[in-house]
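So the protein sequences, as listed, match chains A and B. The first sequence begins at 31 in this note's numbering and counts up one residue at a time. The second sequence begins at 31 in this note's numbering and counts up one residue at a time.
None of these hints come from the bench; they were simulated from the model. Hints are supplied without guarantee of correctness; some may be wrong.
Which copy? The list can't say, so a pair holds if one copy fits it or any two copies do.
In silico EDC-like cross-links for lysine to aspartate or glutamate, where the CA-CA straight-line distance does not exceed 20 Å [to be verified]:
#1 Lys-246 x Asp-477
#2 Lys-381 x Glu-331
#3 Lys-381 x Asp-328
#4 Lys-246 x Asp-282
#5 Lys-246 x Glu-102
#6 Lys-381 x Glu-470
#7 Lys-246 x Glu-110
#8 Lys-381 x Glu-270
#9 Lys-381 x Asp-477
#10 Lys-381 x Asp-337
#11 Lys-381 x Asp-411
#12 Lys-246 x Glu-286
#13 Lys-246 x Glu-270
#14 Lys-246 x Glu-59
#15 Lys-246 x Glu-401
#16 Lys-381 x Asp-299
#17 Lys-381 x Asp-268
Number of protein chains: 2
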Amino acid sequence: MREPGAHGDGSSLLLTDYYQLAMVQAYIEHGLTDMASFELFVRTLPAGRNFLMAAGLEQAVAFLEDARFDAEEIAWLRAEGRFSDAAVAALAGFRFAGDVDALPEGTVFFANEPVLRVTAPLPQAQLVESRLINLIHLQTVIASKAARLVLAARHRPLIDFGLRRAHGAEAALLAARASYLAGFAGTATALAAMRFGIPAAGTMAHSFVQAHGGEKEAFANFARSRPRNLVLLLDTYDTEAAARTVVALARDLAGEGIRIDGVRLDSGDLAVFSRRVRDILDEGGLAETCIIASGGLDEAEIADLLDGGAPVDRFGVGTSLATSSNAPALDCAYKLVEYAGLPRRKRSAGKATWPRRKQVFRRYGPEGRIEADRLSTVDSDEEGRPLLVPAMRAGRRVAPAPDLAAIRAHAATELASLPEALTRLTSGPPLLVEIAPVLERLAREADRLVDTP
Amino acid sequence: MREPGAHGDGSSLLLTDYYQLAMVQAYIEHGLTDMASFELFVRTLPAGRNFLMAAGLEQAVAFLEDARFDAEEIAWLRAEGRFSDAAVAALAGFRFAGDVDALPEGTVFFANEPVLRVTAPLPQAQLVESRLINLIHLQTVIASKAARLVLAARHRPLIDFGLRRAHGAEAALLAARASYLAGFAGTATALAAMRFGIPAAGTMAHSFVQAHGGEKEAFANFARSRPRNLVLLLDTYDTEAAARTVVALARDLAGEGIRIDGVRLDSGDLAVFSRRVRDILDEGGLAETCIIASGGLDEAEIADLLDGGAPVDRFGVGTSLATSSNAPALDCAYKLVEYAGLPRRKRSAGKATWPRRKQVFRRYGPEGRIEADRLSTVDSDEEGRPLLVPAMRAGRRVAPAPDLAAIRAHAATELASLPEALTRLTSGPPLLVEIAPVLERLAREADRLVDTP
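Same shape as in the complex, but just chain A (with noise of 0.2 Å):
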C-alpha cells in the first residue's frame, strides 16, 4: 500500500522547484559535482512564541531513501524541451546517497540552529531542498504549535480533530503525527490512526441529532450502537436542555449496561456553559461523566478557560492546531554552508548566514532546565550536550525508524527541559543561543573566498 502520509507519492522526485533541475544541469555540465553541506535552520521564531519543536525527521529520511523519477516523469522532462540528455539521464538515475545529521523528532530548538544537515555531492544536495523544508516544515509546525497547545491545557487529554481543515491529506495525516509526537492523546483522523498506531478518538456531529425526530431518541440510538467511549453532542439547539436529556437517558442505560462516559459543547461561551452543565450532570449524578470543550479553540483560549476554572476535562483542537492559524508557517531556509571543502555563506540583507557545518551544544542548569545553547563548528570542543546526531550515512538510514511512542516521550522530557519563562503562551526573552567565536572568524574567510566587485 502507498503511504501517503509516510513517503509514497511523495517520494516523486518532481516534489521540487523547477530550479532545482535547471541549476542541477548547470552542476553537471559545469563540474560542480563536490560535496556539498546544507543546513536547514529557522531564521525567527514567529511572533509570540519561545522555542519550536523539531519534527518530521522520519518522513525526510523515507523520502530521501525513496526519491527518485520515475518513467512517466522522465519522459515530461524530455518533453519540456528544456533540459540536455545528459541531464535527463542524470536525473533518471538519481539515488541520493549523501548523509544526514539532525535534531531527533520532538528536540526543543530555537532560532538559527540547525534541524537538519544534508551532506552530500552538490547537485544531490540542491534537488532535494523543496520536498525536505516542505516534509520538515510542516511537522515542525504542527509540533511546535502542538506543545503550546499541550503546556496550556496542563494535563488533560487533547485530541487532534484537524482533518477537515487541515491543508490535504498528507497534511492531515503529519499533523495526527506531529501533534501525537509532542503530546497529544490521540487523533479523529482515522488513517492517521492505522497507519501511525495513534490512539483513535472521536463523539458525534450535530447531523446525528439533527437526522432524529428528537435529541433524546439520539442520544439513545447513538448510546445503543457504540457503548464504548460514549460522547453525546450537547450544543444542537439548546445546551442545557440536552444536559438534562443526558440524565434522563442515563438512567434507563444504567439498566443496560451502558455508561455515558462524557459530553461535547462546541459552541456558545464555553466557560458559562461547562459550568452550567457539569452542575446538571453532578446533580443528575454523573459525576463520572466528562466534558469535552472543542470549537474553534486556541491555545490562549484553553489558558483561559482553565484560568477561570471551568471543568473541562479534555479538549477537541481542530484547525486552529492543523493549521497552526496564529502562526501556518516558519522563516525558515536550507541553506549552502560548505562547497568542495570551503565555508560557505550568504550576506543577503537581512537573511545572512553562518558558515560550515554546525553542531549545537546545550547546557543545562538546575532542575535540568536547559542555561543556554551555543552555535558552534561540528568539530569544535565545546561544553554542553551536541543536538545533532547522525540520521543517515551513504544514502542509507543508520538505525530502524524509532517507536513513535519512544519520540513522544523524548518530546515530553524535553518540555520538562525548557525554563519555565519559555514554558508560557506569551514570549519573553529569549533562550541565549551563543555564536562561538569560530563562526565570525569563518564568516570572515567565506566572504574573502568569494570574488565580488
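Assemble the complex: chain A is given as a structure, and chain B must be docked to it using the hints.
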C-alpha cells in the same frame, strides 16, 4: 500512476473522522438510511475579505467516484473491535451513489451560500464529509487568496513559489492548481506543472551563486546551461554590484546568442532596490530585462510596491499564497439541511443554519457587475442566475472534468463581475445576500418538527 494531487491515495475512505464511522454504524443499526442532503458553506468571511472563490470540485468529484476502503483498512476496522460485523461489511462494500450540485470552480461566492450539496443515503453523505471538506476547503482557501494577489498585481504575472512551505505534498500540488485557476501565470512546483499542465517557471537559488567562487562565474555558468527564460538572482551578496555584473555579462553572452530575460530580487527594500537595479539595467542597455520580486510577499506588499511605482514586472509568491498565511482556514461547515423529505437545521449559538436544499440566485447590474445574491430553496422561482449546477448524479460525474484553462477563464470572468468596492484588499460593506422569506418559514417548520423539551 497514483495521483496525490488529484485523488490516488487520497481516495481512502479512512480519510474520515473516526466519529463518522461510529455514526454510520448507528445509522445502519437504527434504519436511518433515507435520503439526506448536506450543504457545505462558509459561515463568515475572514477578516478583511470581500469575497471567496470556489475551487476543489474536480478533486471532490474524483474522490467520490473512487472512494472506498481497501482490504488493509477493513482489517484494521475489524481489529479495532469497536464496530459490528454488519457495519464493517457495509463499509467494505461502500460506494458513493449520490448526487452532487456545486458552484463551478472559479465562481465567486459569499457567506452562507452553499458551495456544494450532497444528496445521498444518510450513511453515505455522512461518511464522505471529512475528506470533502478537506478538499474543497483547501483549494477554496488558496484560490481566494490567489484572487486577491491577482487583483493586487494588476495584470503583472504571478508565479507560485509555494512548494517548500505548503503543508505537505498534496497542499503544494493543489495550491499550484488553485492559484493557476485563479489567475496565476505559472508554478515553480515541477510535479504540479506535469500533473495539471500548468506552465512551469523558475529562476535560480542563492546556493547556485554560493557554490561558485564568484557571482560572475556563477551567472555565466547558469546562463550557458539554460538559455531559455534566463533569470539571474541578484541578492546573494550585494544587489547593485550583481546588477552591474549582469550588464557586463550580457555583452559577452550576446555574442553567443544568449539573452538575459530577467533578474530576481529576493530580499531588502524591494521598492528601493527595484529602482536602482532598473536604472543600472537601463543604463547598461538591458531595458528589455525584466525584474522579478519575491521574498515573503503578500497582496498588501505587492499593492504597496506598485502604488509606489516600483518597476517590478513579475512577482513570485510562496508562503503567503501556499499557506494563505493571513487566513489559513475558513469557517466552513457541512450541515444536514434535509432528511427523509423533512427540513432540518441546527440552532447552536452563532452557528444556526437554514434548512432545505438551497440555491443561490445572482442578479447583475450595469457592466455585468454583481448586484445581489438571493438564497432560496432549489425549487423556488427566483429572478437571477442559479449558481449551483449538477456535478454528479447517482455517483457518476455528469460531464467530463472541465479543462483547467476553461476554469481559469471562468474565474477571470467572475473576478470581472465583482463590484469595484469588493475588489479592494480591505473589507467594505458586504454584498447583499438576501434570505428569501420561504427560508424563514421553513426554519420555523424545522424547529417545530424537532422534539425538544
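Structure-based check of all given hints:
1. In this assembly of identical chains, the alpha carbons of Lys-246 and Asp-477 lie at most 20 Å apart only when taken from different copies (15 Å versus 74 Å within one copy).
2. In this homomeric assembly, Lys-381 and Glu-331 come within 20 Å of each other (Cα to Cα) only across copies, at 19 Å, whereas the closest approach inside a single copy is 34 Å.
3. Taking the closest pair of Cα atoms, Lys-381 and Asp-328 come within 20 Å of each other only across two copies (18 Å); inside a single copy the shortest separation is 31 Å, beyond that limit.
4. Taking identical chains as interchangeable, the C-alpha atoms of Lys-246 and Asp-282 lie at most 20 Å apart only when both belong to the same chain, with a minimum of 11 Å there against 83 Å between chains.
5. Proximity of Lys-246 to Glu-102 under the C-alpha cut-off of 20 Å is found in neither arrangement, the shortest distances being 57 Å within a copy and 36 Å between copies.
6. In this assembly of identical chains, the alpha carbons of Lys-381 and Glu-470 lie at most 20 Å apart only when taken from the same copy (16 Å versus 57 Å across copies).
7. Taking the shortest Cα distances, Lys-246 and Glu-110 never come within 20 Å of each other, neither inside one copy (63 Å) nor across copies (28 Å).
8. With identical chains, the CA atoms of Lys-381 and Glu-270 are at most 20 Å apart between copies only, with a shortest distance of 17 Å across copies and 55 Å within one.
9. For the homomeric pair Lys-381 and Asp-477, the shortest alpha-carbon distance inside one copy (15 Å) is at most 20 Å, but the shortest distance between copies (59 Å) is not.
10. With identical chains, the CA atoms of Lys-381 and Asp-337 are never at most 20 Å apart, being 40 Å at best within one copy and 26 Å at best between copies.
11. Taking the shortest alpha-carbon separations for Lys-381 and Asp-411, neither the intra-copy value of 28 Å nor the inter-copy value of 60 Å comes in at or below 20 Å.
12. For the identical chains of this complex, Lys-246 and Glu-286 are intra-copy neighbours only, at 16 Å inside a copy versus 82 Å across copies, given an alpha-carbon limit of 20 Å.
13. Taking identical chains as interchangeable, the C-alpha atoms of Lys-246 and Glu-270 lie at most 20 Å apart only when both belong to the same chain, with a minimum of 13 Å there against 73 Å between chains.
14. In this homomeric assembly, Lys-246 and Glu-59 come within 20 Å of each other (Cα to Cα) only across copies, at 17 Å, whereas the closest approach inside a single copy is 74 Å.
15. Proximity of Lys-246 to Glu-401 under the C-alpha cut-off of 20 Å is found in neither arrangement, the shortest distances being 57 Å within a copy and 45 Å between copies.
16. Taking CA atoms no more than 20 Å apart as the test, Lys-381 paired with Asp-299 passes between copies only; the shortest distance there is 13 Å, against 44 Å inside one copy.
17. Taking the shortest Cα distances, Lys-381 and Asp-268 sit within 20 Å of each other only across copies (12 Å), while inside one copy they are farther apart (54 Å).
The structure does not agree with the numbered hints 5, 7, 10, 11, 15 stated previously, though it agrees with the rest.
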